[in-house]
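Asks: Here the protein sequences come in this chain order: A and B. Yeah, the first sequence ends on 143 if you go by the numbering used here, and it's all consecutive. Yeah, the second sequence ends on 542 if you go by the numbering used here, and it's all consecutive.
Any given hint could turn out to be false.
Unchecked claim - With beta-carbon atoms standing in for the labels, derived distance ranges:
#1 A:Glu-126 x B:Lys-400: 22 to 28 Å
#2 A:Glu-74 x B:Asp-333: 30 to 36 Å
#3 B:Glu-325 x A:Gln-85: 38 to 44 Å
#4 B:Trp-475 x A:Glu-74: 29 to 35 Å
As the list claims (entries may be wrong) - As a list, the in silico DSS-like pairs of lysine-lysine whose alpha-carbon atoms are at most 27 Å apart:
#5 A:Lys-107 x B:Lys-235
#6 B:Lys-400 x A:Lys-114
#7 B:Lys-304 x B:Lys-235
#8 A:Lys-114 x B:Lys-417
#9 A:Lys-107 x B:Lys-403
#10 B:Lys-304 x A:Lys-107
#11 B:Lys-400 x A:Lys-107
#12 B:Lys-417 x B:Lys-403
#13 B:Lys-403 x A:Lys-114
Note that these hints are calculated values from the structure, not bench results. Cβ coordinates follow ideal geometry from the N, Cα and C atoms, glycine included.
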Amino acid sequence: MSPEPTAEHNTRGHLADATRRQRFGLALAVVLGLIAAGISYSGTKDAWVVADRRPDPEVVAMSGVAADPAWDIELPEGPHRDEFQTSCLICHSARLPLGQPPFGREKWAEVVHKMVAVYGAPITSEDESRVVDYLLAARPPAP
Amino acid sequence: MDLTRRQWMLGAASAGASLLPIGCTGRRRSESPAGGGDTLARFPGKAAMRVINDRPPCLETPWRYFRHDLTPNEAFYVRWHLQTIPTAIDLKTWRLRIDGAVDRPLELSMDDLRRLGGDEVVAVNQCSGNSRSLFNPRVPGAQWRNGAMSNARWAGVGLAKVLRAAGVRRDAVQVTFDGMDEGPLASVPDFVKALDIDHALQHEVTVAYSMNGEPLPVLNGFPARLVVPGWYATYWVKALHRITVLPHAFDGYWMAKAYKIPTNPNGIEDPHAKLSDHLIPINRMNVRSFVTAPEPGSTVPAERAIEVEGIAFDGGSGIRGVEVSVDGGSTWAGAVLGDDLGRYSFRRWRYRWTPASRGEHRLLVRATSRDGEIQPDKEGWNRGGFMRNVVEEMTVHVA
Numbered sequence: 001m002s003p004e005p006t007a008e009h010n011t012r013g014h015l016a017d018a019t020r021r022q023r024f025g026l027a028l029a030v031v032l033g034l035i036a037a038g039i040s041y042s043g044t045k046d047a048w049v050v051a052d053r054r055p056d057p058e059v060v061a062m063s064g065v066a067a068d069p070a071w072d073i074e075l076p077e078g079p080h081r082d083e084f085q086t087s088c089l090i091c092h093s094a095r096l097p098l099g100q101p102p103f104g105r106e107k108w109a110e111v112v113h114k115m116v117a118v119y120g121a122p123i124t125s126e127d128e129s130r131v132v133d134y135l136l137a138a139r140p141p142a143p
Numbered sequence: 144m145d146l147t148r149r150q151w152m153l154g155a156a157s158a159g160a161s162l163l164p165i166g167c168t169g170r171r172r173s174e175s176p177a178g179g180g181d182t183l184a185r186f187p188g189k190a191a192m193r194v195i196n197d198r199p200p201c202l203e204t205p206w207r208y209f210r211h212d213l214t215p216n217e218a219f220y221v222r223w224h225l226q227t228i229p230t231a232i233d234l235k236t237w238r239l240r241i242d243g244a245v246d247r248p249l250e251l252s253m254d255d256l257r258r259l260g261g262d263e264v265v266a267v268n269q270c271s272g273n274s275r276s277l278f279n280p281r282v283p284g285a286q287w288r289n290g291a292m293s294n295a296r297w298a299g300v301g302l303a304k305v306l307r308a309a310g311v312r313r314d315a316v317q318v319t320f321d322g323m324d325e326g327p328l329a330s331v332p333d334f335v336k337a338l339d340i341d342h343a344l345q346h347e348v349t350v351a352y353s354m355n356g357e358p359l360p361v362l363n364g365f366p367a368r369l370v371v372p373g374w375y376a377t378y379w380v381k382a383l384h385r386i387t388v389l390p391h392a393f394d395g396y397w398m399a400k401a402y403k404i405p406t407n408p409n410g411i412e413d414p415h416a417k418l419s420d421h422l423i424p425i426n427r428m429n430v431r432s433f434v435t436a437p438e439p440g441s442t443v444p445a446e447r448a449i450e451v452e453g454i455a456f457d458g459g460s461g462i463r464g465v466e467v468s469v470d471g472g473s474t475w476a477g478a479v480l481g482d483d484l485g486r487y488s489f490r491r492w493r494y495r496w497t498p499a500s501r502g503e504h505r506l507l508v509r510a511t512s513r514d515g516e517i518q519p520d521k522e523g524w525n526r527g528g529f530m531r532n533v534v535e536e537m538t539v540h541v542a
């Protein structure tokens, strides 16, 4: 078994075997992935299909759901979009909040605070109102 | 082809990792006239479904599937709470653990379950928040229309058999059910639900490993989920892996704080007054009925008989009758009930209607359960968007 690559092994012009094998493996995975994606791609990214390869249910069941971040929606421009992105999207995609009715500031403040108080969303009390600013900009309340 | 580098990379990364090819189809709009702007997507093992959320997946059953008694597995709606959901389960290592206030803690394999099993029930699984997007005023949460419900033939082991095999101690008070889903942060409360011991020992509560004769789709809780006929789906824990008998009431977040309703009939409260202080865990479903054909907003010919069709269900007493009104609720007539698949199932109904006059007609449908519960004609409200069961209404054009 090869040792883990170290700085010593990685001097210019002298790649450790392990590193070379890792890179080959990565390149192979990317190439296979590109081929697979290329074969099955046929439109925009708004919906996706994982080929329905049903495994033998007696042995193992798998699903390609782990791949779903590729499907995240585009975030509308708005103030404090970064805070929204880093605070909220750990636990759910943007589709959930952006699919909500156009609530006013008070209701959004209540919802965002619940995310902090109940689920431990990593949002400082200052950022709570910034996230609300973004939600109000991205989902303008009804007149 | 407007393919960005990011999409290529993500597609490549995931395909490279799992060797499952990922493709994209164009955006598809719902065929239902009730809602424009829907995004439909095909998740693994599922038909094209209306996306409420993609991470974690919440997928609504397209309306046309409700023309059948049983909802096909690939169209059965999907609702997960926590982001980290099981995507690969090896039955060689999967075990269902039964522990807590029992004489003999057990670890059952799928083979063990199948040896104990053979119990069957047809039962509706309906999200507590089905139809939440129709609440007025609107409430936050998954914005379902009416498709967060499905009906299946479940096969598995009666929960009572499993509990008796472990030997429930006399001091048992509640039983908790934990699935394999987890939050991405340690602070996210694990999704655990509880039933009182008396309920858990009733014969209809089932640990189901089969749905419509097939293993459950991964997104519907493979390899086993709890089936609690008549009760809202929040108790039907998916990807079940631990059952714990407690000598006290469970006080976890998903029982103590979430899925609570006012004690009033249909869980209603007044949005414009002080909200109720007395809340209890949501429990048995109330009675509902829907028209499945014709579609809302469609046009039907005058002076020719058509079949108005639909479904009805309740919390397990069964459906006594369904009435239809074709004049906006002024007069009502009884519908003919279809096959009886059991008191927890969808009950199909049909009503032959010959529209006499042209123009817009308001169609209403109202079900009565065998225990005498009838759908209200005024819509109720609560802060959670739970238990909607007002008489449904739709417009049909006669031309």
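Asks: All the hints need checking, so say for each whether the structure fits it.
Replies: Hints and how they fare:
Between A:Glu-126 and B:Lys-400 the beta carbon distance is about 26 Å. The supplied range of 22 to 28 Å therefore holds. Hint check: A:Glu-74 to B:Asp-333, Cβ distance near 32 Å, so the stated range 30 to 36 Å holds. Taking the beta carbon of each, B:Glu-325 and A:Gln-85 are about 22 Å apart, not inside 38 to 44 Å as hinted. The given range of 29 to 35 Å is broken by B:Trp-475 and A:Glu-74, whose C-beta atoms sit roughly 49 Å from each other.
Restraint check for A:Lys-107 and B:Lys-235: the C-alpha separation of about 48 Å exceeds 27 Å, so the hint is violated. With a C-alpha separation of about 12 Å, the suggested pair B:Lys-400 and A:Lys-114 falls inside the 27 Å cut-off, and the hint holds. Note on B:Lys-304 and B:Lys-235: the hinted pairing holds, with a Cα-Cα distance of about 23 Å set against a maximum of 27 Å. About 20 Å separates the Cα atoms of A:Lys-114 and B:Lys-417, which keeps this hinted pair within 27 Å; it holds.
A threshold of 27 Å between alpha carbons decides the hint, and for A:Lys-107 with B:Lys-403 the separation of about 19 Å falls inside it, so the pair holds. Taking the CA atoms of B:Lys-304 and A:Lys-107, the gap is near 46 Å; set against the 27 Å cutoff, the hint is violated. Taking the CA atoms of B:Lys-400 and A:Lys-107, the gap is near 19 Å; set against the 27 Å cutoff, the hint holds. A hinted pair counts as satisfied when its Cα atoms are at most 27 Å apart, and B:Lys-417 with B:Lys-403 qualifies at roughly 16 Å.
Taking the CA atoms of B:Lys-403 and A:Lys-114, the gap is near 15 Å; set against the 27 Å cutoff, the hint holds.
In terms of the numbered hints stated before, the structure departs from hints 3, 4, 5 and 10, listed from lowest to highest.
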